[in-house]
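J.: Please model the complete structure; the sequences and the hints are all you need to start from.
Spelled out, the chains give:
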Amino acid sequence: MKLDSKIPSGPLAEKWNKHKFDLKLVNPANKRKFEVLVVGTGLAGASAAASLAELGYQVSCFCYQDSPRRAHSIAAQGGINAAKNYKNDGDSIHRLFYDTIKGGDFRAREANVHRLAEVSLSIIDHCVAQGVPFAREYGGMLDNRSFGGAQVSRTFYARGQTGQQLLLGAYQALSRQVGLGAVKMFPRTEMLELVVVAGHAKGIVVRDMVTGKISSHAGDAVVLATGGYSNVFYLSTNAVGCNVTAAYRAYKKGAAFANPCYTQIHPTCIPVSGDHQSKLTLMSESLRNDGRVWVPKQKGDKRLPHDIAEKDRDYFLERKYPSFGNLAPRDISSRAAKEACDEGRGVGPGGLGVYLDFSDAIKRLGEAKIRERYANLFDMYERITGENAYRMPMRIYPAVHYTMGGLWVDYNLMSTVPGLFVLGEANFSDHGANRLGASALMQGLADGYFVLPYTIGHYFAHDKPARPQAGSAEFREAEAAARTRVQKLLAIQGKRTTRSFHRELGRLVWDKCGMARSEKGLKEALQRIPALRDEFWSNLAITGSGESLNQALEHAGRVADFLEFAELMCLDALTRDESCGGHFRTEHQTEEGEAKRDDEHFSHVAAWEFQGEDGRPLLHKEPLVYEGVHMSQRSYK
Amino acid sequence: MKLTLKVWRQKDGDSRGEFATYQANDINPDMSFLEMLDEVNESLLARGEEPIAFDSDCREGICGACSMVINGLPHGGRKATTACQLHMRLFEDGETVTVEPWRARAFPVVRDLIVDRSGFDRIIQAGGFVSVSTGGAQDANVIPIPKPDAELAMDAAQCIGCGACVAACKNASAMLFVAAKVSHLAILPQGRVEKNRRVLRMVEAMDSEGFGNCTVTGSCEAVCPKEISLNFITRLNQEYAVALLKSTGQSAR
Amino acid sequence: MNTLNRRCSSSLGKKYVMAVTGLALFGFVVAHMVGNLQIFLGREILNGYGAFLKSKPLLLWGARLGLICLVSLHVWAAIRLTQDNRAARPVAYAVQASISASYASRTMLMSGLIVASFIVFHLMHFTLGGVDPEFLEFRDGAGRHDVYRMVVAGFSTPIVSIFYFVGMALLCLHLSHGVSALFQSLGLRTGHWVRAIDLFAKAAALTIFVGNCSIPLAVLIGLLK
Numbered sequence: 001m002k003l004d005s006k007i008p009s010g011p012l013a014e015k016w017n018k019h020k021f022d023l024k025l026v027n028p029a030n031k032r033k034f035e036v037l038v039v040g041t042g043l044a045g046a047s048a049a050a051s052l053a054e055l056g057y058q059v060s061c062f063c064y065q066d067s068p069r070r071a072h073s074i075a076a077q078g079g080i081n082a083a084k085n086y087k088n089d090g091d092s093i094h095r096l097f098y099d100t101i102k103g104g105d106f107r108a109r110e111a112n113v114h115r116l117a118e119v120s121l122s123i124i125d126h127c128v129a130q131g132v133p134f135a136r137e138y139g140g141m142l143d144n145r146s147f148g149g150a151q152v153s154r155t156f157y158a159r160g161q162t163g164q165q166l167l168l169g170a171y172q173a174l175s176r177q178v179g180l181g182a183v184k185m186f187p188r189t190e191m192l193e194l195v196v197v198a199g200h201a202k203g204i205v206v207r208d209m210v211t212g213k214i215s216s217h218a219g220d221a222v223v224l225a226t227g228g229y230s231n232v233f234y235l236s237t238n239a240v241g242c243n244v245t246a247a248y249r250a251y252k253k254g255a256a257f258a259n260p261c262y263t264q265i266h267p268t269c270i271p272v273s274g275d276h277q278s279k280l281t282l283m284s285e286s287l288r289n290d291g292r293v294w295v296p297k298q299k300g301d302k303r304l305p306h307d308i309a310e311k312d313r314d315y316f317l318e319r320k321y322p323s324f325g326n327l328a329p330r331d332i333s334s335r336a337a338k339e340a341c342d343e344g345r346g347v348g349p350g351g352l353g354v355y356l357d358f359s360d361a362i363k364r365l366g367e368a369k370i371r372e373r374y375a376n377l378f379d380m381y382e383r384i385t386g387e388n389a390y391r392m393p394m395r396i397y398p399a400v401h402y403t404m405g406g407l408w409v410d411y412n413l414m415s416t417v418p419g420l421f422v423l424g425e426a427n428f429s430d431h432g433a434n435r436l437g438a439s440a441l442m443q444g445l446a447d448g449y450f451v452l453p454y455t456i457g458h459y460f461a462h463d464k465p466a467r468p469q470a471g472s473a474e475f476r477e478a479e480a481a482a483r484t485r486v487q488k489l490l491a492i493q494g495k496r497t498t499r500s501f502h503r504e505l506g507r508l509v510w511d512k513c514g515m516a517r518s519e520k521g522l523k524e525a526l527q528r529i530p531a532l533r534d535e536f537w538s539n540l541a542i543t544g545s546g547e548s549l550n551q552a553l554e555h556a557g558r559v560a561d562f563l564e565f566a567e568l569m570c571l572d573a574l575t576r577d578e579s580c581g582g583h584f585r586t587e588h589q590t591e592e593g594e595a596k597r598d599d600e601h602f603s604h605v606a607a608w609e610f611q612g613e614d615g616r617p618l619l620h621k622e623p624l625v626y627e628g629v630h631m632s633q634r635s636y637k
Numbered sequence: 001m002k003l004t005l006k007v008w009r010q011k012d013g014d015s016r017g018e019f020a021t022y023q024a025n026d027i028n029p030d031m032s033f034l035e036m037l038d039e040v041n042e043s044l045l046a047r048g049e050e051p052i053a054f055d056s057d058c059r060e061g062i063c064g065a066c067s068m069v070i071n072g073l074p075h076g077g078r079k080a081t082t083a084c085q086l087h088m089r090l091f092e093d094g095e096t097v098t099v100e101p102w103r104a105r106a107f108p109v110v111r112d113l114i115v116d117r118s119g120f121d122r123i124i125q126a127g128g129f130v131s132v133s134t135g136g137a138q139d140a141n142v143i144p145i146p147k148p149d150a151e152l153a154m155d156a157a158q159c160i161g162c163g164a165c166v167a168a169c170k171n172a173s174a175m176l177f178v179a180a181k182v183s184h185l186a187i188l189p190q191g192r193v194e195k196n197r198r199v200l201r202m203v204e205a206m207d208s209e210g211f212g213n214c215t216v217t218g219s220c221e222a223v224c225p226k227e228i229s230l231n232f233i234t235r236l237n238q239e240y241a242v243a244l245l246k247s248t249g250q251s252a253r
Numbered sequence: 001m002n003t004l005n006r007r008c009s010s011s012l013g014k015k016y017v018m019a020v021t022g023l024a025l026f027g028f029v030v031a032h033m034v035g036n037l038q039i040f041l042g043r044e045i046l047n048g049y050g051a052f053l054k055s056k057p058l059l060l061w062g063a064r065l066g067l068i069c070l071v072s073l074h075v076w077a078a079i080r081l082t083q084d085n086r087a088a089r090p091v092a093y094a095v096q097a098s099i100s101a102s103y104a105s106r107t108m109l110m111s112g113l114i115v116a117s118f119i120v121f122h123l124m125h126f127t128l129g130g131v132d133p134e135f136l137e138f139r140d141g142a143g144r145h146d147v148y149r150m151v152v153a154g155f156s157t158p159i160v161s162i163f164y165f166v167g168m169a170l171l172c173l174h175l176s177h178g179v180s181a182l183f184q185s186l187g188l189r190t191g192h193w194v195r196a197i198d199l200f201a202k203a204a205a206l207t208i209f210v211g212n213c214s215i216p217l218a219v220l221i222g223l224l225k
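Residue numbers (our numbering), protein chains in the order written: chain F, 1 to 637; chain A, 1 to 253; chain X, 1 to 225.
Be careful, since some hints might not be right.
Said to hold, decoys possible - List time: in silico DSSO-like cross-link candidates among lysine-lysine, alpha-carbon distance up to 27 Å:
1) F:Lys369 / A:Lys2
2) A:Lys2 / F:Lys495
3) A:Lys170 / X:Lys202
Unchecked claim - Selected chain F positions facing chain A (in silico; Cβ < 7 Å):
4) Arg136
5) Glu600
6) Ser603
Since the hints were made in silico from the structure, they are not lab data. Where is the CB? At the ideal position from N, CA and C, for every residue including glycine.
T.: Pasting the structure below:
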C-alpha cells in the first residue's frame, strides 16, 4: 500500500482553486448513470447525499436510526466556525486555518485544513439560504460568539442547538431529493460489509434492522459518513447507537485507518452516577468562567461540600496552574481531575467527580447574574442529577466526546480503496491530534456540501470505474460473511450480556488509553483486550433470532468490532511514543504538564493497514510537511 | 427502589400484542427511565428472554428517538423532558408503571415499544424544505432578519420530531409537528418564497398519512419536550387559508 | 374548482367549514337571544316582533333555509372530522391520562349532539307545535300570534324548563370552547389576542346561558305571567 495524499502543487492558498479546475468533470447527462451509496446521515452524509443528488447522481442513502434526522450531529451544542470576519476583529481564512492547525497540535494535513477554512464561508451562506435560524443581532445581522482556542469571534450559533439546526437543514435538503426521487432512503439499515471488486469499492452489504434481511447494494462509489468511535469507551457523549462497524469493516477490506489513538476528552460532563449509566452528558465549558474546581484535601472525605472548611479544600487547578487557574486547557484540566480522583479524593458516587463551585461567583455577582448566564445549564444539571447547583456545587467529570482519528483519506477524501470516500468524523483529515470547538460541524458540512461533490466526479471521469455487478462472486462472499457473523453471534449461547462486555472494554480503554496513556498501561491493555474478545466469542448471551428486529444482536455486532478496534487504538497509542493534543503519554510532558511533541520522529500520520485476522497491522507513515505555518510548542498562556 | 412494570410486548407489526408484567428491583433513583429499562433487559437476557425493544439514541433529549407512553403520558409527562431524561427519582417506590408505545394509525407498532414514524419523514419530503441547491447562495448577511423573527423561527425549528404531540392528542393529530416546520420556514425570508406551495403539500401529505384533526385541546403543547407553542398551529391554519385562497382556480402543483 | 374542492375536504378545509358555519350559528344564537329577551319588555313588544318576522316571509324562510344549511354543514364536518379522528387511533391506551385538554374541548361531539337534539325539541316546542299544537293557535288582542302567552305556557312545566337549562348549559359548554376554537381554526387566535379571544368565548357563553335561562326562570318564579 502506498499513501498518496494527492496534495495539489502550488502555493497553499491557491491549491484548492487550482485543484477544482484540474478535477475532471462528468457530463451532466451522464451523471444519472452513476450510483453512489452514502452510509450515514449526519452533517457529512446528509449534505453529501443531497448535494450529489442535486448534481444528478443516483443516490442511495442508509442510516441505522429510524429517520435520517436523528443522526448524532444533532446533539452538537456550541456552534460552527467560519472566517467571515463579520466582527471586524481581524479574522481571515488564514487565521482560521492557523488556529485549526495549531489547535490540532501540528498533526493535521495542512492543505486539507486550508481548504476547510476557505469553504467555511460558503457553508454559512448556504445554511442561511436553507433557512437555518442562526442567532441574530437587533440589526438583523448574524451574531457570533467566541470559542476556545481562538482570539476572534467567528462562531455562528443557534441557541445551544447549532448541530440540530444544521442537521435539520441538511436533512431537509436530503428530504427534498428523496421527494424528487433522486435519493432512495434506507432508514433502520445497518452496513455490515464493504464489497470490493477488482480493487474498487463497489457496494455494501446491509442488514434491514426490522426484518433482519441481509442484502447487497451495488454502486459506482461508496461514501462512508459514519461518525466517530467514542463508544469504544462504552461511556461517552455519543449516542448509544454510534459505532465503528462501517469504518472498521472498510479497514478490514483494505482501507487504512489513520491515527486511531487521537481521541478528545471534554472536561465538563455530568459524572457517572452508577453502573447503570448508559451515556454521558456534556455541559458547556463556559461554566468554568465562573466556577471554581476543587476536591477535598483528605482522601475519602464523605462530608457534604459546605461542611468542608476552606482549609480542607484543594482548588487543584488554581494550585497547579496559577496563571490559568480554572480556565486551564481542556486536556490539562481533564487530566488534573482524573489524578485527583485516582488519589481517592473524588466526590460523588464512585468517587468519580470533582466539584465545580459557584458559591464565590454567586456571592460576588449575585444569584440573578449567574442565573442569567447559565440558567439553561443549571436546569439541565438539575434534570439529570436532581441537585440544585445554586445551593450546592456541581459535580463534573471528563468524558470522551470526539475522535480525531479515522479512515485515511487523500486530498479528494478518497480512502486507500479507490471508490471509497470517507467524510466527516469518520475520516482523519482535518483536526490533527485535537479538535477545536465549533470545528466538527464545519468539517462535516465542508466535506459533504463543498468537497465531495467536486472530487467524486473526478473519480468517475478519471478512473472510469467498471460498472458494478450486483450478484457477482464478491457480493455473494461478502453477504455470506455477514450472515455467518450473525449466525456465529447467535450460536454462542453463553452467559454474559453484550453490555457487560462493552462496559468492561470501556473501562479498560478508559483507564489505559484514555486521558493519560503510558507504555506499561497500553501493553497491559494489549494483553487484556484479546482475552476479553475470546471470552466474548465463547460466552456471549443473546436471545432472539437474526430474522427480526433484535437490538441485542445489533449491539453485539457493534461490540464485536469495538473489541477488535480497541486493540488497534492501543497499538497506535503505544507506537506514537510522544504526546500531542489529545494523545497524552505520561512519559512525554513538559514541566507544566503540557503535551510534549516529538516532531523529529512523529510528525506523520500513522495509517494502519489490516494484515489478516492473525497478522499485526502494518504501519504506513504519511509525513506532515508544513509550508504555511511554523511548528511551535502549543501554548495558550 | 422497586417498581412493577406493565410493558407492551408485541413481536412485530402483524402480531397481536399484550402487556407483560416485570418486577424492576434495585432501581437507582439517579437512573433515567431508559437506563431502568436497560437493567430490566439485562435481567431478561440473563433469564434467556427477549429484551424489551425500544427506540433511543442520543439519550440527551435532542435526537427524538425515544418514544414511549408512561402511565398514559408521552415521555412520562414531565415538562420539557423526553423519556431519556426522565429520572427514576420522580417515581414512588413500589409504584406500578404502565409503558405503552405511541398509539396512532400513522405510527404502526414495529415491535414492543418501537413504532414506525416514517410518516413524519414523508411530510417533510412533501415540502418541509427550502428549494435551494448547494452552491451559489449569496452572502449570509445580505438579507437582514429581525432578531424577534429569528428567535420565533428558532422556537418552531426546535422540534425534535419525536411524535409525542401525536401520541398525546386524543385524535392522533400531527398538526403541531407540521405547524412547527411550516412556521419555521414561513417566518424566515428564505422560506417565504414558496410558503403557499409548501403548506398545501405538507397538509396534503399529513392527511394522506392518516393523522387525525386538531381540536385545540392543547395536549400536544403540554407534552412537547421542546415546548413548541400551540400558536404555531394557529399560524398553520392561517398559512393554509391564505394558500387556499391564492390557489383557487389554479392547480397547486 | 377541483383543487378548491379537494382543499376544502382536506383536514384543515373541514375545520374551516366547521369554523365558518360555527361563527354564523353563533351569530344566530346571539340574535335569537336578543330577540327573545324582548319578552321582558312586555307582551306588546314581543308579539309585535313576532308579527314583524312573520310579515317578511322571504327573510324568514331565507334565514330558516340558511340555518338548515349551516347546521347541516356544521354537522357534516363534525361527523367527518370525528370519523377521521376515531380512525387515527385504532388502538386506545391502556392508561388514559389527559393533560391540559379542557373538559369542554374533549366533549365537543357529545355536547354538540345533545344540543342538536335539544334544538329539535325546541323547534317542536315553539315552532312546529309538536309538543302542544295549541301553542300556535294563541292569539292576542290585536289578532297576532300570542308569542308571549306561548312562552309562558311552554315554560310553566318545571320539567320542560329544567330541560332547557340543561340544553343551555351544554350549548354554552360547546360555545365556551367552540368560539375560541373557531378563531383558532381560522388562524386568527394569535399573539395577545389569544387571551382576549378565550375570555370573549367564555364570557359570550356565560352571557348566552344567563340570557336564555332568564326567560324560563322568570316564568318559573312567576315574574312573567
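J.: For Lys369 (chain F) and Lys2 (chain A), compute the direct alpha-carbon distance and say whether it is at most 27 Å.
T.: violated, 41 Å
J.: Can Arg136 (chain F) be said to touch chain A, with a Cβ gap under 7 Å?
T.: Check passed: Cβ of Arg136 (chain F) comes within 4 Å of chain A, closer than 7 Å.
J.: Would you check whether Ser603 (chain F) satisfies its interface hint, that is, whether its CB is within less than 7 Å of any CB in chain A?
T.: violated, 35 Å
J.: Let me know if the C-beta of Glu600 (chain F) comes in closer than 7 Å to any C-beta of chain A, holds or violated.
T.: violated, 42 Å
J.: Below or equal to 27 Å on CA atoms is what counts here, so check Lys2 (chain A) against Lys495 (chain F).
T.: The hint holds at about 25 Å.
J.: Given the hinted pair Lys170 (chain A) and Lys202 (chain X), is their alpha-carbon gap at most 27 Å?
T.: With a Cα-Cα distance of about 23 Å, the restraint between Lys170 (chain A) and Lys202 (chain X) holds, given a limit of 27 Å.
The structure does not agree with the numbered hints 1, 5, 6 stated previously, though it agrees with the rest.
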